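**Student:** Can you build the whole structure from these sequences, using the hints too?
As you go down the protein sequences, you meet chains A and B in turn.
When we follow numbering that gives the first Met the number 0, the leftmost residue of the first sequence carries the number 0, and every step to the right adds one.
When we follow numbering that gives the first Met the number 0, the leftmost residue of the second sequence carries the number 0, and every step to the right adds one.
Just so you know, these hints were derived from the structure itself, not from any lab.
Do not take every clue at face value.
Computed, partial: chain A to chain B, Cβ under 8 Å [claimed, not checked]: (1) Glu195; (2) Leu200; (3) Glu312; (4) Thr316; (5) Pro387; (6) Glu389; (7) Val391; (8) Asp392.
Below, a sample of chain A positions facing chain B; criterion: calculated Cβ distance under 8 Å [as the list claims (entries may be wrong)]: (9) Ala189; (10) Gly194; (11) Ser198; (12) Leu202; (13) Asp266; (14) Glu315.
All values derive from a computational prediction rather than experimental measurement.
A virtual CB, placed ideally from N, CA and C, is assigned to each residue, including glycine.
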Amino acid sequence: MSEQWLIRGVTVAGGAPGAVDIHISGGEIAGVGPDVTAPGARVLDAGGLIALPGLVDLHTHLREPGSEDAETVETGTRAAALGGYTAVQAMANTEPVADTAGVVEQIWRLGQQAGYADVRPVGAVTVGRHGKQLAELGAMADCPAAVRVFSDDGDCVADPLLMRRALEYVKAFGGVIAQHAQEPRLTEGAQLNEGEVASRLGLAGWPAAAEEAIIARDCLLAAHTGSRLHVCHVSTAGSVEIVRWAKSKGWQVTAEVTPHHLLLTDDLAEGYDTVFKVNPPLRTRADVDALRRGLAAGTIDCVATDHAPHPVEAKETEWAAAANGMTGLETALRVVQAAMVDTGLLDWAGVADRMSRRPAAIGRLSGHGQPVAPGAPANLALYDPAAPAEAVDPTTHASKSRNSPFAGMALPGRVHATFLRGTATVLDGKVTR
Amino acid sequence: MNRHLISAADLSRDEAILILDTSAELASAAGRPIRKLPTLRGLTVVNCFYEDSTRTRTSFEAAAKRLSADVINFSAKGSSVAKGESLKDTALTLEAMGTDAVIIRHGASGAAHTLARWVTGSVVNAGDGTHEHPTQALLDAFTMRQRLSGGERGLGLDGVRVTIVGDVLHSRVARSNVLLLSTLGAEVTLVAPPTLMPYAVDTWPCKVSYDIDAELRKTDVVMMLRVQQERMSAAYFPSVREYRRRYGLDAGRMALLPDHAIVMHPGPMNRGVEIAAEVADSPRSTIVAQVSNGVIVRMAVLYLLLGGAGEGARA
Numbered sequence: 000m001s002e003q004w005l006i007r008g009v010t011v012a013g014g015a016p017g018a019v020d021i022h023i024s025g026g027e028i029a030g031v032g033p034d035v036t037a038p039g040a041r042v043l044d045a046g047g048l049i050a051l052p053g054l055v056d057l058h059t060h061l062r063e064p065g066s067e068d069a070e071t072v073e074t075g076t077r078a079a080a081l082g083g084y085t086a087v088q089a090m091a092n093t094e095p096v097a098d099t100a101g102v103v104e105q106i107w108r109l110g111q112q113a114g115y116a117d118v119r120p121v122g123a124v125t126v127g128r129h130g131k132q133l134a135e136l137g138a139m140a141d142c143p144a145a146v147r148v149f150s151d152d153g154d155c156v157a158d159p160l161l162m163r164r165a166l167e168y169v170k171a172f173g174g175v176i177a178q179h180a181q182e183p184r185l186t187e188g189a190q191l192n193e194g195e196v197a198s199r200l201g202l203a204g205w206p207a208a209a210e211e212a213i214i215a216r217d218c219l220l221a222a223h224t225g226s227r228l229h230v231c232h233v234s235t236a237g238s239v240e241i242v243r244w245a246k247s248k249g250w251q252v253t254a255e256v257t258p259h260h261l262l263l264t265d266d267l268a269e270g271y272d273t274v275f276k277v278n279p280p281l282r283t284r285a286d287v288d289a290l291r292r293g294l295a296a297g298t299i300d301c302v303a304t305d306h307a308p309h310p311v312e313a314k315e316t317e318w319a320a321a322a323n324g325m326t327g328l329e330t331a332l333r334v335v336q337a338a339m340v341d342t343g344l345l346d347w348a349g350v351a352d353r354m355s356r357r358p359a360a361i362g363r364l365s366g367h368g369q370p371v372a373p374g375a376p377a378n379l380a381l382y383d384p385a386a387p388a389e390a391v392d393p394t395t396h397a398s399k400s401r402n403s404p405f406a407g408m409a410l411p412g413r414v415h416a417t418f419l420r421g422t423a424t425v426l427d428g429k430v431t432r
Numbered sequence: 000m001n002r003h004l005i006s007a008a009d010l011s012r013d014e015a016i017l018i019l020d021t022s023a024e025l026a027s028a029a030g031r032p033i034r035k036l037p038t039l040r041g042l043t044v045v046n047c048f049y050e051d052s053t054r055t056r057t058s059f060e061a062a063a064k065r066l067s068a069d070v071i072n073f074s075a076k077g078s079s080v081a082k083g084e085s086l087k088d089t090a091l092t093l094e095a096m097g098t099d100a101v102i103i104r105h106g107a108s109g110a111a112h113t114l115a116r117w118v119t120g121s122v123v124n125a126g127d128g129t130h131e132h133p134t135q136a137l138l139d140a141f142t143m144r145q146r147l148s149g150g151e152r153g154l155g156l157d158g159v160r161v162t163i164v165g166d167v168l169h170s171r172v173a174r175s176n177v178l179l180l181s182t183l184g185a186e187v188t189l190v191a192p193p194t195l196m197p198y199a200v201d202t203w204p205c206k207v208s209y210d211i212d213a214e215l216r217k218t219d220v221v222m223m224l225r226v227q228q229e230r231m232s233a234a235y236f237p238s239v240r241e242y243r244r245r246y247g248l249d250a251g252r253m254a255l256l257p258d259h260a261i262v263m264h265p266g267p268m269n270r271g272v273e274i275a276a277e278v279a280d281s282p283r284s285t286i287v288a289q290v291s292n293g294v295i296v297r298m299a300v301l302y303l304l305l306g307g308a309g310e311g312a313r314a
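**Tutor:** Rendered as structure tokens:
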């Protein structure tokens, strides 16, 4: 079962400069260095490639159970592997909602069966994600799925008392509340970033203040309770400022940004193309720039895809009726290269930190996010940053859904191979089985 | 001309003036004993209305019929739309029936835009959510030109001062008028309580004021927008009474207007809220003329979009 590999001539992100060989054996990294010998190992010539620790996504919608027409654990983790991911946190907005040990355990087992990436379920904070009563968070933490990240996903835990209690309660088992920051009254019927574009298009505005107000409140609650808060998909310049302020106080606040918020802006909605409808919405160029700088500075800890597959009919409709969300697993690393690396804002060591080490630490994922060094589990992504920029074609994606906002956009780079505990899940850009 | 009329921004100054001039032409024909023209004979126009709007629907219907087109009324109520059929499937159905133009009224902004991706015929936006209502703006511009400059052909509305008062935030009429009137050279000022002014309105080609009395003294046209009572419950303003006091056009305020100034309203009116009955029924009011001009302008739009392509045009 255990594969032996010798990866030749690869550059390790964050490692010593120059090409090295990586020997994989027994699911672990057995050796890293120049001229490693490994008789009997399968050789992969990795000249020009970068070795990153397997990517970790804190925010993935796998849609199973309930919306298997959009995605399944199998298709979603296949997409994850193709994107260089070895672990994903599966969001709780399934049907039934992942608010009991039974449901999270089912999702966890589906992930084990699929075998393309480790699936760690996110548990709902409240029963049914209705924001009324805490779900059995401890039961989800204690079950085999070992849930550590709790979120009501698109339904912000708006009730301040409930949010306080949730933050406090999960301290008992090292949990974190991942909040989708959206003040509900300020965003009733909201369709697009409140700004010049939305006003002109006659779409109800989603004001930045509705995100920032919740983040500010939650940071204060996290400080008061000494709890861990994780802010999902920050999308505004103001949010970055608030997170920076909270971190400067030493509070346990972390934050993520999506690939699409690092690259795309609200003016793309001008043709009412619903592929650009997402929550939080695409913002302005100034927000994109602030998010990039925040990620570079480490104020924003990590990139999380918010991969949100939808069937065609959920998007092929008038704007207001369309579902929110975009796919992202298969394009995330390429987008990060375009937005962060090729712009000189982040080096590959930084990419390894923001897309693997830090998200693994936030989600308490053992075995992931470790440096590419002997003794570490062999979770790796081999990436070719010099691959010529190619237009994204969602019809070729492993995801069941086609709602990629990057369709037709030329993005650099290519994920060449992915290894999960020493087993190749992707080789030469294709899933191995 | 584009194949579709979805936004007033689609129209260049020359195209807008062409529509106004064509309307003037048709208006003189409409005065003659034979009121029906054979121009669009053999073409099918579908009125696809997802929102109730008797006045706009009948206006388009009359326009198409006076050009001898076959008109199909497809209303959401009592059709498969009420059973949850998507806009996409409705579009495919209309397409399969063979339609040359679809007039669409829809509650969602962008619906006309979306429909235009799925049909081969022309799409005319008869109001989409809080986005646009371009034929309303055209009939308003036609009425202004008629009343203020004798309807002389070839002219725009250069230097005409237009004040639009009311719920600009939710108004597709205001959006289309700001775009079209500025294209035609008019100086537009929006007046509304700040809660009903769109975000980033300073980027629009118009001025903004909260003081109706100051604006009325220096305007050639005042256009009152309908204020829906449900806005009150959403805290846009404290009460209808306060709205009327601060932004309603009553006889006292009308007296502030220059002598030549006209009063417009796209209808339907809330008499006693944004406009007092004695203003609506005064000689300054163009409200009835706007309705009859609506048919004429929509005839011109259909004629120009369909290129006079019917059998009648060839005959």
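**Student:** Each hint needs a verdict: does it hold in this structure or not?
**Tutor:** Tested hints:
Given hint, Glu195(A) at the interface with chain B, holds; its Cβ is 4 Å from that chain's nearest Cβ, closer than 8 Å. For Leu200(A), the shortest C-beta to C-beta distance to chain B is roughly 6 Å, which falls under 8 Å, so the interface hint holds. Interface restraint check for Glu312(A): the shortest CB-CB distance to chain B comes to about 7 Å, inside 8 Å, so the restraint holds. Hint status for Thr316(A) relative to chain B: holds, with the closest Cβ pair at about 6 Å, below 8 Å.
At its closest, the beta carbon of Pro387(A) sits 31 Å from a beta carbon of chain B; the interface hint therefore is violated under the 8 Å criterion. Against a cut-off of 8 Å between C-beta atoms, the interface hint on Glu389(A) is violated, since the closest Cβ of chain B lies about 26 Å away. Against a cut-off of 8 Å between C-beta atoms, the interface hint on Val391(A) is violated, since the closest Cβ of chain B lies about 21 Å away. At a threshold of 8 Å, the smallest CB-CB gap from Asp392(A) to chain B is about 20 Å, leaving the interface hint violated.
Because the smallest distance between the Cβ of Ala189(A) and any Cβ of chain B comes to about 12 Å, over 8 Å, the interface hint for this residue is violated. Because the smallest distance between the Cβ of Gly194(A) and any Cβ of chain B comes to about 6 Å, under 8 Å, the interface hint for this residue holds. With a least beta-carbon distance of about 4 Å to chain B, the hint placing Ser198(A) at the interface is held under the 8 Å criterion. Against a cut-off of 8 Å between C-beta atoms, the interface hint on Leu202(A) holds, since the closest Cβ of chain B lies about 5 Å away.
Taken as an interface hint, Asp266(A) does not check out: its beta carbon lies about 12 Å from the nearest beta carbon of chain B, beyond 8 Å. A cut of 8 Å between beta carbons decides the hint on Glu315(A): the least distance to chain B is about 5 Å, and the hint holds.
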